[in-house]
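Asker: Line by line, the protein sequences give chains A and B.
Numbering follows this note's numbering, with no gaps: position 304 of the first sequence is 304.
Numbering follows this note's numbering, with no gaps: position 164 of the second sequence is 513.
Hints should not be assumed to be uniformly reliable.
[Said to hold, decoys possible] Here are the simulated BS3-like pairs of lysine-lysine, each with C-alpha atoms no more than 27 Å apart in a straight line: (1) A:Lys-15 with A:Lys-149; (2) B:Lys-618 with A:Lys-149; (3) A:Lys-149 with A:Lys-131; (4) A:Lys-196 with B:Lys-460; (5) A:Lys-15 with A:Lys-131; (6) A:Lys-15 with A:Lys-196; (7) B:Lys-684 with B:Lys-509; (8) A:Lys-149 with B:Lys-509; (9) A:Lys-196 with A:Lys-149.
[What the hints assert, rightly or not] Quick look at which bits of chain B chain A covers, simulated, 3 or more residues with Cβ under 8 Å: (10) 362–370; (11) 398–408.
Rather than coming from a laboratory, the hints here were simulated on the basis of the structure.
Quick reminder that beta carbons are idealized off the backbone N, C-alpha and C, glycines included.
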Amino acid sequence: MTAIKRAYPRPLDLKTGRVDLSHGSGGRAMAQLIEELFETHFDNPWLAQRNDQACFAVDAGRMVMTTDGFVISPLFFPGGDIGSLAVHGTINDVAMAGARPLYLAVGMILEEGFPLGELALIVRSMADAAKAAGVAIVTGDTKVVERGKGDGVFITTTGVGVVPPGVEISATRARPGDAVLLSGSIGDHGVAVLSKRESLSFETELLSDSAALHGLVAAMVEAVPGIHAMRDPTRGGLAALLNEIARESRVGIVVREDAIPVSTPVRGACELLGLDPLYVANEGKLAAFCAPEDAGRLLAAMRAHPLGREAAIIGEVIDDPDGFVQMHTSFGGNRIVDWLAGEQLPRIC
Amino acid sequence: MSVRYIDEFRDGTLARTLAERIRTEARPERRYHLMEFCGGHTHAIFRYGVPDLLPENVRLIHGPGCPVCVLPIPRVAHALQLALDHRVVLCTYADLLRVPGPERETLLKAKAGGGDVRMVYSASDALAIARAAPDRQVVFFAIGFETTTPPTAVVLKQAKALGLANFTVHCNHVLTPPALAGLLDSPDAQVPGALPLDGFIGPAHVSAVIGSRPFEPHVERYRRPLVIAGFEPLDVMQAILMLIRQLNEGRCQVENEYTRVVTRDGNVKAQALMAEVFELRERFEWRGLGELPASALRIREKYAGFDAERRFTLADTHATDNKACECPDVLRGLKQPTECKLFATVCRPDNPIGACMVSSEGACAAYYTFGRARERRHVPA
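Let the sequences and hints guide you as you build the complete structure.
Answerer: So, in structure tokens, the structure goes:
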């Protein structure tokens, strides 16, 4: 190691240095960036081998694989940043199959001029999130694009995991009569991010709910291996999730508004901005569908886990050829919870 | 978890009590067709499921009070020309971005095509953008009823005080009382019984600015009661009860349910500000309602230097709405959204054809988004 480090006249300048095109050119500057930032922080034996791929053994059985791109603005927000989000997001996509996440791969696209100090914060945050989750980032890639051709940092993460025997969770498997369970309050991530948008900035104590859910999922699968469907309500919020499951399983869903937890700051911000919390993004919540006789056990398992303390049964699956998602409002009426048309835009009056 | 000053107006127990009273007082032998003028009311009615709490003969008809919906195609064409031909920074409220102009072009598509279109939350955001980019022409495309007009007046005054050379306003502000009159003056309204409107739920925020007085001559003239109501679902229920009582008693008055905000004279300061900066247009086209006299505002001569219509050469297009679109009849309460052939088939929130589908507050969009399960004839594939 010492011999290699001597190859660079100075360590990376994290105070004032910026990403330049040489950091993606395959030369010495790129090697230094990878070594001093990624290898140092991600720190695992697979990465240390410096191959173009990671080689690992897996148990026999079913595997899952997923990939996700992260292009969030702003890059740093209350409760997280693009780095922790990129780790949690992919771990969660693996976990939603009931799987145990094993390894992550990461692709970073950096814009010329991006401060190295901020990049270091993001990489450290990814490393911390991965360590906390017990998932290693075993391989990666870095590219640099010219100034103006990126938005600071784009991250893609790919994850693999293994599904325990006997677990078969799929968006197509919700059945009429199934209970719908939600792991906690909705809208926290979306509102926390919105509060830091340049055009909008408002004061809130709210933090993003960004979290890795595989621990919660493991507890759930252990309590009820026969969970039918599970998904995390990210973009498009809970409304999109319910509509996706209704479409894929060809069923209708009825939820009760007063059973869906929404925190006071989220409700306040949504009122102010004319947004509906049902459509606001989350990064640390999940909804699960299971047979009614399993619902009590599943709920208890969720509530016993720190990330499921506020879990609730929010509704049920019904037979409906039209695939409508309906909500009994706290006010006493009914409404459809439809797909979002385009982006959710604030109303003016 | 509760949010103060909001949950009180959405209380389910109170709603049931009010619903019971409405059911008791509404006479089964007569009809109560009540139009909520404002998109804000339409939104609340569907979002909270108010129709489920009403008896059959109390029907809500969704009016033209969504400023985005009633903006005619030639005005959208102006916005597109400003963004694409004049290459200005075009700032506007988010609702407008999806409104189709000529050949189904929208500001959202113009933005994707390289136009500098920015979504702002207030007129002052647009002014801030102009101050930060002195080398760019910045246009605030102003839309809305009397609610959003005073803020536009404020930025025009500020721009003048600052002597900003790169900031103008494209004014599309419209007025509520003339629209109400236009609705009731329409040919259908002249045939007794043809226009099935028995009363009005009057606007909330608009009335906070203009007061309840401007509605009095119309109520007198057209013999339909009007109750000004807040935008919370209990406000709407209470207003419905008040209208039922007026109709039962043969009264025809302007009443105010929204007394926590609205007075008879309104916000006098805001009115003075509007009068200083704006003057009446002789006529203005409303999507779905046609041309209505004295129904919109333009920028006064004194502020001519900040008027985008004067600064930029803008072509007037003569695009017309789709002929099969029933928006004009939906807006007058003659038809339900589901009676339109286009509804939920080609005309959907993600592909709006008519005025009522373009904003979430439009009658058809609200019906599509929140109410469709009630009416299963037209279900998208």
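Asker: For every hint, state whether the structure bears it out.
Answerer: Evaluation of the provided hints:
1. For the hint pairing Lys-15 of chain A with Lys-149 of chain A, the CA-to-CA distance comes to about 24 Å; that is within 27 Å, so the pair holds.
2. For the hint pairing Lys-618 of chain B with Lys-149 of chain A, the CA-to-CA distance comes to about 48 Å; that exceeds 27 Å, so the pair is violated.
3. Proposed proximity of Lys-149 of chain A and Lys-131 of chain A is contradicted: the alpha carbons are some 32 Å apart, above 27 Å.
4. As the CA atoms of Lys-196 of chain A and Lys-460 of chain B are separated by approximately 23 Å, the hinted pair is consistent with the 27 Å bound.
5. Annotation: proposed proximity of Lys-15 of chain A to Lys-131 of chain A holds, straight-line Cα distance about 25 Å (limit 27 Å).
6. With a C-alpha separation of about 24 Å, the suggested pairing of Lys-15 of chain A with Lys-196 of chain A holds against the 27 Å cut-off.
7. Simply put, Lys-684 of chain B and Lys-509 of chain B have alpha-carbon atoms about 46 Å apart, too far for the 27 Å limit, and the pair is violated.
8. Of the pairs offered as hints, the one joining Lys-149 of chain A and Lys-509 of chain B is violated, with about 38 Å between alpha carbons and a cut-off of 27 Å exceeded.
9. The straight-line distance between the Cα atoms of Lys-196 of chain A and Lys-149 of chain A is roughly 23 Å, inside the 27 Å bound, and the hint therefore holds.
10. A count of 3 residues in the region 362–370 of chain B with a Cβ less than 8 Å from any Cβ of chain A is obtained; the coverage claim is therefore met, three being the minimum.
11. Coverage of a stretch by a chain is defined here by at least three residues with a beta carbon nearer than 8 Å to that chain's beta carbons; for the region 398–408 of chain B and chain A the count is 5, and the condition holds.
Going through the hint list in order, the structure does not satisfy hints 2, 3, 7 and 8.
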